[in-house]
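Quick note, the sequences are listed as chains L and V, same order. So the first sequence is numbered by my numbering: it starts at 1 and just counts up by one. So the second sequence is numbered by my numbering: it starts at 346 and just counts up by one.
No lab work stands behind these hints, which were simulated from the structure alone. Please note: incorrect hints may appear among the correct ones.
One-sided and incomplete, this derived list gives chain L residues near chain V with beta-carbon spacing under 7 angstroms [claimed, not checked]:
hint: 1; residue: Ile73
hint: 2; residue: Ala119
hint: 3; residue: Arg164
hint: 4; residue: Tyr168
hint: 5; residue: His283
Some chain L residues well away from chain V (every beta-carbon gap over 12 angstroms; in silico) [said to hold, decoys possible]:
hint: 6; residue: Glu18
hint: 7; residue: Tyr45
hint: 8; residue: Arg105
hint: 9; residue: Met111
hint: 10; residue: Lys142
hint: 11; residue: Ser185
hint: 12; residue: Leu188
hint: 13; residue: Leu213
hint: 14; residue: Gly233
hint: 15; residue: Asp237
hint: 16; residue: Pro292
hint: 17; residue: Val316
Idealized CB from N, CA, C, for every residue including glycine.
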Amino acid sequence: MKKTSADVLPAVGGQGNEPLLAVDNLHVEFHTRAGVVRAVNGVSYTVAPGETLAVLGESGSGKSVTAQAIMGILDMPPAVIPKGEIRFKGTDLLKLSEHDRTHVRGQRIAMIFQDALSALNPVFTVGWQISEMFRVHRGMSKSEAMKKAVELMDRVRIPAAKQRVHDYPHQFSGGMRQRIMIAMSIALDPEVLIADEPTTALDVTVQAQIMELLAELQRESQMGLILITHDLGVVADVADKIAVMYAGRIVENAPVYDIYKAPAHPYTKGLLDSIPRVDQKGHELYAIKGLPPNLLDLPTGCAFHPRCPLRQENCVTDAPPLYEISGTRGSACHYWREVLDGERR
Amino acid sequence: MGRYVIRRLIQAIPVLLGATLLIFCIVFALPGDPIAALFGDKRPDPAIAEVLREQYHLNDPLLLQYWYYISGVLFRGDFGVNFADVPVSQIMAGKFQITLNLALTALVMEAVIGVGLGLWAALRRGKATDTAILASTLVLISVPTLVTGFVLQLVLGVKVKQWTGLDIFPVAGTAEGLRAYLLPGFVLAGASIAYLTRLTRTSLAETLRSDYIRTATAKGLSRRRVVGRHGLRNALIPLVTYLGADLGQLMGGAVITETIFNLQGIGNQLFQSVYLREQPVVVGIVTVLVLIYILANLVVDLLYAVLDPRIRYE
Chain L
1 MKKTSADVLP
11 AVGGQGNEPL
21 LAVDNLHVEF
31 HTRAGVVRAV
41 NGVSYTVAPG
51 ETLAVLGESG
61 SGKSVTAQAI
71 MGILDMPPAV
81 IPKGEIRFKG
91 TDLLKLSEHD
101 RTHVRGQRIA
111 MIFQDALSAL
121 NPVFTVGWQI
131 SEMFRVHRGM
141 SKSEAMKKAV
151 ELMDRVRIPA
161 AKQRVHDYPH
171 QFSGGMRQRI
181 MIAMSIALDP
191 EVLIADEPTT
201 ALDVTVQAQI
211 MELLAELQRE
221 SQMGLILITH
231 DLGVVADVAD
241 KIAVMYAGRI
251 VENAPVYDIY
261 KAPAHPYTKG
271 LLDSIPRVDQ
281 KGHELYAIKG
291 LPPNLLDLPT
301 GCAFHPRCPL
311 RQENCVTDAP
321 PLYEISGTRG
331 SACHYWREVL
341 DGERR
Chain V
346 MGRYVIRRLI
356 QAIPVLLGAT
366 LLIFCIVFAL
376 PGDPIAALFG
386 DKRPDPAIAE
396 VLREQYHLND
406 PLLLQYWYYI
416 SGVLFRGDFG
426 VNFADVPVSQ
436 IMAGKFQITL
446 NLALTALVME
456 AVIGVGLGLW
466 AALRRGKATD
476 TAILASTLVL
486 ISVPTLVTGF
496 VLQLVLGVKV
506 KQWTGLDIFP
516 VAGTAEGLRA
526 YLLPGFVLAG
536 ASIAYLTRLT
546 RTSLAETLRS
556 DYIRTATAKG
566 LSRRRVVGRH
576 GLRNALIPLV
586 TYLGADLGQL
596 MGGAVITETI
606 FNLQGIGNQL
616 FQSVYLREQP
626 VVVGIVTVLV
636 LIYILANLVV
646 DLLYAVLDPR
656 IRYE
């Protein structure tokens, strides 16, 4: 008999109070000719059913690499995972065989990519690509699977789904393509959905529609959503909690309200300050000084210290742990109290 | 699509006329006297030579000669006769069959061996297999047909028979039927196999780096399905172009191979006819070759639209 994903992993709510998905002290390195690129250096986060975690950070902060490690779609080599666990309902995905992993991928944990035009195969119809999920994983017949594809396209509100199911990706607009990507990812009712900058390539009005759609689908199915983005505007609306990443580490995590009210890390503060605001029209835009760190050669101590306005001597030598501020909040800054106070002043 | 095909075929007419005129002029410009060549070492009787010249319109201006020729082809489907009064169409018929057999054998070998090796190398990138395949393609590209032809003929055609008594590859000629084309087919395809191997390897490797391959993996598909369905379909597109364009190349470029293996094909005939200044034969063969080129390219373009839905004609 063919193994199904239920054989590989226990059904929903398996292991006591294990969260749905837990990334625990994950390290990812890329062994390149130029040296070892430390892309992820001890990231931990959890997602519960129905919860939205926003992972925030600039390019190269390791947010996408973490997501790809969860999906198991990193090219290994050059990527290596020397340390860490990715527990899905208590099972460490990194310990599963490649074969068992394919039962999780796409079926239990699915992913949406940034640029839907390049992420969809140009030579197959969208219907073929969506229905492939049912044909391969559920053994449905072609016509049955195609019917399901039309249903899904309806569900993500693509007009005239029945006719358009035979169209190719290039015949759709950017927003519609991302909807197709979403339809494909939710085809098998995954418990976790990772959205890697799903709206970056879209214009603003379409961005809002896509985020709304994701939120709605999440409400219906109670999936855990990991939203990877560098857009703070997107985050505020939909996220429950935020993890801010810098140089492959989480520098601050907190419920979304807390972080907007008062950031506890100078980097988060810098990010929030660099959002253009109407009431400061005419003023120069704030920007965090300096350049993102070189992952081949990370700064000593706190990786943010070369750019930090609050830098002290020990920042250069001691790497700060993720200090616990409260039960739901942490900051990897030796001076998080000062940052918080500065905000309150 | 239909209108596109018709348009392409109409476009082919000036190409054909231009090609024939060009070849006609080049043969005309060749030094030497075709009538004198007919008589070999003997001196022709001036009166007979003059009659022959008149008969074959050799005293007329170039453009008039061309008109006599092309009007025959266009209005009567008559490719003319050679100096022995044998119709050119009759000369071409059997020989084209042989060359076509040879070229198709080569093309199939190219597609099977070249694409096969290329895929293998692409899936083992950076490993020993990959390096070995790349190195052998380099050898195949660098060694001229003249060498591979004679060496393979000697080793596989002659020595193997001597050692084992098995007659697998005929040494020359076409008496043994299709089996006779295996060895010359491989020799003819040699460099193309190597190019196609490299092209396939690059094309698939590049395809496997694309975003939609990552998506396919993220869908939980097996590696076999990711590469075989999602990768291959896209990687094939540039290969079809190469194969189509190569058919014309193989048909026209078989002179050396045909000579080595004594195949009485079009390449051999073309060579002889150029030597004898048999204008109608040369032009006839070239015309048909140009036609094959044009048709092969048209088929490639149409296949392109089938393989890649982003391409639409009209």
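> What are the numbers of the hints the structure violates, in ascending order?
Replying inline: 3, 5, 8, 9, 11, 12
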